[in-house]
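Chain A is fixed; fit chain B onto it per the hints.
There are 2 protein chains.
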Amino acid sequence: MRREPVLVGIAGDSGAGKSTFVRKLQELLGHERVSVIELDGYHSLNRQERKLVGITPLHHRANNLGLFIEHLYRLRSGERVLRPVYDHETGDFSDPVWVEPRPFILVEGLHPFCFKVAADMYDLKIYYDTHQELKIHWKISRDASVRGYTVEQVVKEIRQRQWDIRNFVEPQLAYADLVICLYPVAANSAFHIGVKVKEPVAHSWFKFLHQKVAAKGLVREWVGGREMQVLSFEEEMPCEVVEEMLRGAGPRAEAVLARAAGGVKVTPYQLMLTLLVLRLEELLAERQEVGRRERYAVG
Amino acid sequence: MRREPVLVGIAGDSGAGKSTFVRKLQELLGHERVSVIELDGYHSLNRQERKLVGITPLHHRANNLGLFIEHLYRLRSGERVLRPVYDHETGDFSDPVWVEPRPFILVEGLHPFCFKVAADMYDLKIYYDTHQELKIHWKISRDASVRGYTVEQVVKEIRQRQWDIRNFVEPQLAYADLVICLYPVAANSAFHIGVKVKEPVAHSWFKFLHQKVAAKGLVREWVGGREMQVLSFEEEMPCEVVEEMLRGAGPRAEAVLARAAGGVKVTPYQLMLTLLVLRLEELLAERQEVGRRERYAVG
Numbered sequence: 001m002r003r004e005p006v007l008v009g010i011a012g013d014s015g016a017g018k019s020t021f022v023r024k025l026q027e028l029l030g031h032e033r034v035s036v037i038e039l040d041g042y043h044s045l046n047r048q049e050r051k052l053v054g055i056t057p058l059h060h061r062a063n064n065l066g067l068f069i070e071h072l073y074r075l076r077s078g079e080r081v082l083r084p085v086y087d088h089e090t091g092d093f094s095d096p097v098w099v100e101p102r103p104f105i106l107v108e109g110l111h112p113f114c115f116k117v118a119a120d121m122y123d124l125k126i127y128y129d130t131h132q133e134l135k136i137h138w139k140i141s142r143d144a145s146v147r148g149y150t151v152e153q154v155v156k157e158i159r160q161r162q163w164d165i166r167n168f169v170e171p172q173l174a175y176a177d178l179v180i181c182l183y184p185v186a187a188n189s190a191f192h193i194g195v196k197v198k199e200p201v202a203h204s205w206f207k208f209l210h211q212k213v214a215a216k217g218l219v220r221e222w223v224g225g226r227e228m229q230v231l232s233f234e235e236e237m238p239c240e241v242v243e244e245m246l247r248g249a250g251p252r253a254e255a256v257l258a259r260a261a262g263g264v265k266v267t268p269y270q271l272m273l274t275l276l277v278l279r280l281e282e283l284l285a286e287r288q289e290v291g292r293r294e295r296y297a298v299g
Numbered sequence: 001m002r003r004e005p006v007l008v009g010i011a012g013d014s015g016a017g018k019s020t021f022v023r024k025l026q027e028l029l030g031h032e033r034v035s036v037i038e039l040d041g042y043h044s045l046n047r048q049e050r051k052l053v054g055i056t057p058l059h060h061r062a063n064n065l066g067l068f069i070e071h072l073y074r075l076r077s078g079e080r081v082l083r084p085v086y087d088h089e090t091g092d093f094s095d096p097v098w099v100e101p102r103p104f105i106l107v108e109g110l111h112p113f114c115f116k117v118a119a120d121m122y123d124l125k126i127y128y129d130t131h132q133e134l135k136i137h138w139k140i141s142r143d144a145s146v147r148g149y150t151v152e153q154v155v156k157e158i159r160q161r162q163w164d165i166r167n168f169v170e171p172q173l174a175y176a177d178l179v180i181c182l183y184p185v186a187a188n189s190a191f192h193i194g195v196k197v198k199e200p201v202a203h204s205w206f207k208f209l210h211q212k213v214a215a216k217g218l219v220r221e222w223v224g225g226r227e228m229q230v231l232s233f234e235e236e237m238p239c240e241v242v243e244e245m246l247r248g249a250g251p252r253a254e255a256v257l258a259r260a261a262g263g264v265k266v267t268p269y270q271l272m273l274t275l276l277v278l279r280l281e282e283l284l285a286e287r288q289e290v291g292r293r294e295r296y297a298v299g
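Line by line, the protein sequences are chains A and B. Number 276 in the working numbering belongs to position 276 of the first sequence; there are no gaps in the numbering. Number 283 in the working numbering belongs to position 283 of the second sequence; there are no gaps in the numbering.
Chain A on its own, in the form it takes in the complex (with noise of 0.2 Å):
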């Protein structure tokens, strides 16, 4: 039995605050048991090459999706890849790393599932949803500061984007097991931020937190094209609370609830990551009890 990895690919537009998302499920996951695939390293061009010609990188053309679908299937069958490296700083390559194939692989970038034949490879493709209001306020904060931009050229960057945000990430909402959004709460207000889990109605896997939320109003929505069942946190909650929602999550559900939130209150944020690694410690259980059961029968 060679043990493949549990492929998760989160997909959502620049400023989403997918690298965030995946740095907090690292740890919540452990270090050692994650490997983490940045899809940016797989541009074609570099900024200076790409303000010649003329594209975003948000085209498919800009990016060198044969590579990083080849690295996705020999990732998943157990082999360590090279994965390009881009520098937001420079808007060029640096050195190229190793990617091992540990239990959970997390793909996070603008382009991770747009293809079928990348699709099909995943455990898990989340479309990371961000309101566009918090995408402003982050990008404006990240790019301004750290990349050297002015803010002028962030705000431009952004108005640009829109169209082939629409034609190149947004479509992938269709192949989206989980949509994940957060908002801001109040009008205006970066600091108060909710979040929806929204699936697919007929793939719900919260299925066992839906009638404790329902009196909350469990809603259905229509999502690129698809309609689905939408959890909301809004509040912070106390943890004790918290734990009686997720009874029936599994055995696991308060030890990680405690590495998430780590207090004694409960942001929906951090409900929304504890949720998440109990979903993906179960796919890693499924796929483990599906090898054992393969030895066996060869054994």
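One or more of the hints may lead you astray.
A pair counts as met if it fits within one copy or between any two copies, since identical chains are not told apart.
Claimed, not checked - Listed next, the in silico EDC-like pairs over lysine to aspartate or glutamate satisfying Cα-Cα at most 20 Å (straight line): (1) 116 with 100; (2) 116 with 157; (3) 24 with 282; (4) 156 with 133; (5) 51 with 92; (6) 207 with 254; (7) 156 with 120; (8) 207 with 32; (9) 207 with 282.
Since the hints were derived computationally from the structure, they do not count as laboratory data. These figures come from a predicted structure and were not determined experimentally.
Just chain B now, kept in the frame of chain A:
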């Protein structure tokens, strides 16, 4: 049962004679049974853009191989795809065309199986390995007359490409099921063309031929790191002799040979085409046989 096409990859350098080869196969297999993918359509930059950036189309990052792999994946499962088209005269893209999942899909270009994820999708992978002398001869006559380059430009380009060919095109030899090598028989003669058909020793398809030509010197050769068996044809042969040779190559051998040669003499190139068409018909028959068995098993 959904009937999947027989996918054939034909890799080789520009000017190796791939398009002519594909056209001949199309004629012999019947146009209504063949669809063709020209990989040049998947360049991610047009000629002008490549000049600006300073890359040749030989680097895989100058190609949208993600889209290509996606198309391969979809064709293989019986879907039609809209493939991009590159116009060598203008150096830019023209209108895309629909490719139908006909019984045979011939994929020709620089990188049809440079990635394992693509290589694993084909039923047959051919490396078209034309002798340098013939390539220069053909490339000059085509690029200088049809594509508007001067002879000096063509020769300079050939020299510049050597490095990229070694690094991006030739590694596909490692995946090839079959290497076809055209070469000038007499020194400096581009018109008397000999053909070598090389197969990895472990996967010999043309075994029935080996004892028949053994007298003429069946040799083994190391090609791209693997030992291969080599069938060489240098001279025209009378049709009856070839018919005798092909006894054991299937019931349709005689008819295919008659179409390929169309005269009393058979050139080495025509013999190679005949062998290949017989092999492709065999692959299709195997596929249909498996399909039929599956249908019975279900019904």
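List of violated hint numbers, smallest to largest: Violated hints (numbers, rising): 2, 7, 8; every other hint is consistent with the structure.
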